Amino acid sequence: MGTFIQLVVDGLATGSIYAALALAIVLVNQATGLINFAQGGMAVLSAYIAYAFTRLGLPLILAILIAVVVSFLIGAVIERFLIRRFEGGDPDTAVVVTIGLLALVTGICAVRWGYNNLAFPSLFPLTSVEILGAVVSVRSLATTVTIVAIMVALQVLFLRTKLGLALRAVADNPSSAALSGLPVGRLLMVGWGFAASLGAIAGVLVAPQLTLTPGMLDTALVYALAAVILGGLSSPIGCVVAASAIGVLENLAAVYVPLVGHDLKIAVPFVLIFVILVIRPQGLFGRKVVVRV
Amino acid sequence: MTLLELAGVTAYYGPVQVLHGVGLSVPEGGSVGILGANGAGKTTTLRAISGTVRTGGRISFDGHDVRGLRPDQVAVRGVAHVPEGRGTLGQLSVRENLLVGAYLRKDRAAISGDIDYCLDLFPQLQDRIGSRAASLSGGEQQMLAVARAFMAKPKLLLLDEASLGLAPSTSKAVYEAIRRLRVESGIAMVVVEQNANLAFSLVDSATVLETGRNVLTGSAAELKGMDEIRRAYLGG
Chain Y
1 MGTFIQLVVD GLATGSIYAA LALAIVLVNQ ATGLINFAQG GMAVLSAYIA YAFTRLGLPL
61 ILAILIAVVV SFLIGAVIER FLIRRFEGGD PDTAVVVTIG LLALVTGICA VRWGYNNLAF
121 PSLFPLTSVE ILGAVVSVRS LATTVTIVAI MVALQVLFLR TKLGLALRAV ADNPSSAALS
181 GLPVGRLLMV GWGFAASLGA IAGVLVAPQL TLTPGMLDTA LVYALAAVIL GGLSSPIGCV
241 VAASAIGVLE NLAAVYVPLV GHDLKIAVPF VLIFVILVIR PQGLFGRKVV VRV
Chain P
294 MTLLELAGVT AYYGPVQVLH GVGLSVPEGG SVGILGANGA GKTTTLRAIS GTVRTGGRIS
354 FDGHDVRGLR PDQVAVRGVA HVPEGRGTLG QLSVRENLLV GAYLRKDRAA ISGDIDYCLD
414 LFPQLQDRIG SRAASLSGGE QQMLAVARAF MAKPKLLLLD EASLGLAPST SKAVYEAIRR
474 LRVESGIAMV VVEQNANLAF SLVDSATVLE TGRNVLTGSA AELKGMDEIR RAYLGG
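Those protein sequence lines, which keep their order, are chains Y and P. Number 2 in the working numbering belongs to position 2 of the first sequence; there are no gaps in the numbering. Number 427 in the working numbering belongs to position 134 of the second sequence; there are no gaps in the numbering.
Hints listed in this document are in silico derivations from the structure and should not be mistaken for laboratory results. Among the hints, a few may not be true.
What the hints assert, rightly or not - Residues of chain Y clear of chain P, computed beta-carbon distances all greater than 12 Å:
no., residue
1, Tyr115
2, Ala134
3, Gln155
4, Leu159
5, Ala169
6, Val170
7, Asp172
8, Asn173
9, Gly181
10, Leu182
11, Pro183
12, Val184
13, Leu187
14, Tyr256
Claimed, not checked - No farther apart than 27 Å at their CA atoms in a straight line, the calculated lysine-lysine pairs in the DSSO-like style are these:
no., chain 1, residue 1, chain 2, residue 2
15, P, Lys399, P, Lys465
16, P, Lys448, P, Lys465
17, P, Lys399, P, Lys446
18, P, Lys465, Y, Lys162
19, P, Lys517, P, Lys446
20, P, Lys446, P, Lys465
21, P, Lys517, Y, Lys162
22, P, Lys448, Y, Lys162
Predicted model, so just to flag it, every value in this text is computed and none were measured. A virtual CB, placed ideally from N, CA and C, is assigned to each residue, including glycine.
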């Protein structure tokens with residue numbers, strides 16, 4: 001029983017990292033209707049930026065805050081000067097552009113900081129507490145709580161604020177939103193900025209555990225995309241639930257299903273995707289897109 | 294006083310010129326129709342006003358030159374465009390669509406009162422207030438599109454083919470509500486409409502376009518029943 005609880009809590013913690021990336025992807029998708037494959041790469045860059053500031057002697061929390069702000073600007077600039085050129089065109093082209101961006105950002109990190117693993121300090125204490133007989137790390141718990149708090153904040157932003165309404169309107173139909181006076185370009189920049197900030201938080205939360213490398217979040221991005229598809233592109237809560245489920249299930253499957261083991265656990269979410277999409281094509285929490293003429 | 298004045302307006306889709314010097318004049322509180330066959334440039338004239346197509350010539354609104362402005366900048370000055378195909382925000386609820394319409398307004402307190410007014414104008418929307426716009430019928434979507442434009446409290450409403458794809462009884466109901474809206478709000482309108490009877494029920498005057506040029510302009514009373522009107526509509 002103790003092992004089980006430990007596996008579940010650890011799974012929730014890794015799941016919450018996938019969730020943070022998934023939230024960033026959902027945010028960009030809600031604001032721009034696009035899937036940003038570079039989200040993971042941008043988050044790694046953000047973590048490197050935080051790392052660089054800690055090397056300058058800044059306290060960790062300050063370095064992280066600076067990285068979050070700088071990431072917002074990077075996200076906004078990428079939207080304004082790169083993605084903007086492909087908006088309104090074929091969405092497939094824009095998606096390929098984000099894949100290219102992933103390669104570019106990863107390359108920049110590698111050129112500047114190299115491929116060697118760099119130690120990144122943890123924001124939370126490395127102690128552990130006992131819950132129901134299981135030893136659970138404070139870091140896992142705090143990471144999970146942070147991500148859940150961000151999820152709630154995002155849900156409030158989208159559903160209860162004027163900015164959130166405007167972002168959703170622009171994502172739904174930019175040219176029609178402009179007719180109501182919404183500054184579409186500025187809102188898209190804000191959406192990308194928020195997503196990059198969110199990615200920065202994911203990056204600095206996971207970096208202590210994985211250690212910093214340019215490809216640190218490549219696997220996490222795959223899981224995050226799985227969570228986004230499972231949870232439904234339109235639902236922040238859905239993708240957090242899905243990401244947590246993926247984190248827990250891959251941990252449990254690796255230990256309790258001999259056939260899966262640690263080598264095959266990456267396949268678990270995809271088997272899940274396959275099964276769930278056959279039953280519910282809009283994802284667990286997503287809304288079906290109805291198009292009427 | 295003149296609210297909107299177009300002179301020698303040209304418009305292009307890529308290299309293709311669609312308008313070849315269109316003129317239009319709308320007095321404050323007035324309602325002017327744009328008539329013509331398919332491809333005459335009616336929709337493009339509305340797009341030229343709202344800034345959604347590349348244009349030349351002169352477009353002044355409320356004493357300011359608005360040609361070359363972005364659509365959101367034109368909207369800020371008080372123009373609300375109900376586009377062809379309605380342009381409702383499908384994944385947003387009816388109420389959210391109306392709130393998006395009121396995006397530019399600062400008078401928060403008055404907004405819920407105006408939503409009530411819209412629901413009084415289009416009672417069908419009452420029961421659908423929480424539904425996503427995409428789940429509405431064509432007629433309800435058209436009503437929502439008009440209501441959303443009204444929520445901006447514009448000085449000028451651009452109305453593009455509000456009857457398109459609707460059953461005759463539905464389009465009649467939509468036009469009756471728009472007529473009531475016009476009387477009660479005093480908003481000026483530019484109306485593009487294929488159905489001449491519906492158009493003349495809403496406009497004081499009209500201009501007839503043919504391949505991107507004005508061929509005839511006059512009061513509604515003068516134009517009704519003229520041969521050119523029939524020709525413009527039948528495309529002969």
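Each hint tested on the structure:
no., hint, in the structure
1, Tyr115, "42 Å, holds"
2, Ala134, "42 Å, holds"
3, Gln155, "15 Å, holds"
4, Leu159, "9 Å, violated"
5, Ala169, "5 Å, violated"
6, Val170, "9 Å, violated"
7, Asp172, "4 Å, violated"
8, Asn173, "5 Å, violated"
9, Gly181, "4 Å, violated"
10, Leu182, "6 Å, violated"
11, Pro183, "5 Å, violated"
12, Val184, "7 Å, violated"
13, Leu187, "10 Å, violated"
14, Tyr256, "40 Å, holds"
15, Lys399/P <-> Lys465/P, "34 Å, violated"
16, Lys448/P <-> Lys465/P, "24 Å, holds"
17, Lys399/P <-> Lys446/P, "11 Å, holds"
18, Lys465/P <-> Lys162/Y, "35 Å, violated"
19, Lys517/P <-> Lys446/P, "31 Å, violated"
20, Lys446/P <-> Lys465/P, "24 Å, holds"
21, Lys517/P <-> Lys162/Y, "46 Å, violated"
22, Lys448/P <-> Lys162/Y, "23 Å, holds"
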